[in-house]
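K.L.:
Residue-level listing of the chains:
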Amino acid sequence: MRNPIEAKELSRTFGDLVAVDGINLSVAKGEVFGFLGPNGAGKSTAVRMLTTLLKPTSGQAWVAGHNVMSSAGAVRKRIGVALQDAAIDPLMTGNELLKLQSVLHGIPKRKARARCGELLETVGLTAAGDRRVGTYSGGMRRRLDLALSLVHEPEVLFLDEPTTGLDPTSRVALWDEVRKLNQEIGTTVFLTTQYLEEADQLAQRIAIIDEGRIVREGSPSVLKNQVGAPTLRVDVWEKDYNAAKATMAHFGEERPARKGRIAIGLNAGTRGITVVLKALEDKSIEVQHVELDEPSLDDVFADATGRRLEGGESA
Amino acid sequence: MVRQPQSWAPSLFFPLLLAAVYSSQFSKAVNLPDFPYPDISFLDFILPACVIQGVLFGSTNSATDLAGDIENSFMDRLLSSPVSRPSILVARLASAFVYGLFQATILITIFYIFGADLAGGVPSALALMFITSLLSMAVGSFLIAVALRTGSQEVVNSLFPLIFVFIFISSAFFPVELMEGWYGAIAKWNPLTWVIDWTRGLTVEGFSWANFIKAVGIVTAIAVIGVTIAIGQLKKRLAAAS
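Chains A and B, in that order, are what the protein sequence lines are.
Residues 1 to 315 (my numbering) are what the first sequence spells out, left to right.
Residues 1 to 242 (my numbering) are what the second sequence spells out, left to right.
Misleading hints may appear alongside valid ones.
Partial chain A-side listing against chain B, Cβ under 10 angstroms, derived [as the list claims (entries may be wrong)]:
#, residue
1, Arg-48
2, Thr-52
3, Leu-53
4, Leu-54
5, Lys-55
6, Ser-58
7, Ala-74
8, Arg-76
9, Lys-77
10, Ile-79
11, Ala-87
12, Gly-106
13, Pro-108
14, Tyr-136
15, His-152
List of simulated lysine-lysine pairs, DSS-like, C-alpha gap at most 27 angstroms [as the list claims (entries may be wrong)]:
#, chain 1, residue 1, chain 2, residue 2
16, B, Lys-235, A, Lys-77
17, A, Lys-239, A, Lys-259
18, A, Lys-55, B, Lys-214
19, A, Lys-77, A, Lys-111
20, A, Lys-239, A, Lys-278
21, A, Lys-245, A, Lys-278
22, A, Lys-77, A, Lys-239
23, A, Lys-77, A, Lys-8
24, A, Lys-55, B, Lys-188
25, B, Lys-214, B, Lys-236
26, A, Lys-77, B, Lys-236
27, A, Lys-109, A, Lys-77
What the hints contain is simulated information worked out from the structure, not anything from laboratory work.
The C-beta atom is built at its ideal place from N, Cα and C for all residues, glycine as well.
Please model the entire structure based on the sequences and the hints provided.
P.N.:
Put into structure tokens, the structure is as follows:
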């Protein structure tokens, strides 16, 4: 039995441009998998191939157990897709769009009616169901789009940049919806994003894609740990400075810090902090201020590509 | 349709306006010595042409909508669902036909209210409705091919004046017999002239199977060419997907 999403050396070129360059993927059942990368990294191209909208130039992919090329029809029946810039007719109401989507998936009318009501409830649009979509806010549209991609109870859900352009509150609300789906129904979710926080918050496992290649893959915490130990910064009274420095040196390599502050890379990882503080206390050194800096996914990205994802300046 | 009157109202309104203008401007044409139908009103003369014109105005709608679907990626939504691929084209052609029928019905009714006289009665009216709806689909199929090719509403809309040209250089509002020079020569070979002349035969002289079959034949021929091109373009577009 294949995993819900598998790709082997999947590639796509447009003329001279190699948009996706031989990616390998394996997403387990019930997983939320994040595909993180900057604009133009090849995220959407990869999603379009996995959702049968674009033919791969080479390589193979299986989604929901079926080959995306030789049995595209079977794949389409089993996937839900919410693409970037969701095509939603502003003149139709949420309810009508859900019914239309049910028709597209050949769901019997009676079943569709119940299902549409349920879905509106799930995404919190029951009250707005009979309003035209043109009157919806950006967040409501995305939630409707999510509902649309779920009418046929897909095994695998693809979300292409689900929160791009949303305000922070709507973003968090959408994350909650996706989590709920994943936890309550067990839907496997493949999401692309250019937001570090989104990948960090939502995905159990991520792949970082840059210039068409996957440069890192794993759970966010493992990836962050790979980049390096978290930095612990401690401020002490001047009289204790040398003693503290000597004590802390046992727990990790010294790192640059401003005057009067001691910084080390915690070898034991985040959990090592209590041990360090205990050791300082045993020496009767009073700690005035503590800071712990974990590497972010941005550090992971910078480590892999030499560039920063956020802010745009080079690392 | 109720929610978007701007998409269909103009294609009903303009043909009526033009009909009103033509019938007051050119109505004396019936008195010209070589006018082929001396015994009828000019309104009767231009009735089939006005219906055809109205329907052709509307024939861009289906293609514009399709191009819009491609532009706003509704097409992706369709293609990522298990919808049968040919239905994408069939639905658009059917919509062009039905839309033509809707327009023809309204235009004929309005002309009737304003005193136009259909020689062939109900059979002629039905024949006129059928021919014009088929024509709407036939012309629509070319535009649909363009929509599939370019995926751009702008390009589809920019072809609109071309339809105008086809109508004007035809027998729509003036008998070809009275035209001269290159204009008359083009009009004579404009397939639209044939459609209009045969259809006019039905409404002015009365219903005849010969005229009906000829008109349907030429429109079907146009449709076959257009639909063939559209199928080719659909295949091309789908070939990009798996």
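K.L.:
Which hints, by number, does the structure contradict?
P.N.:
6, 13, 14, 18, 22, 24, 25
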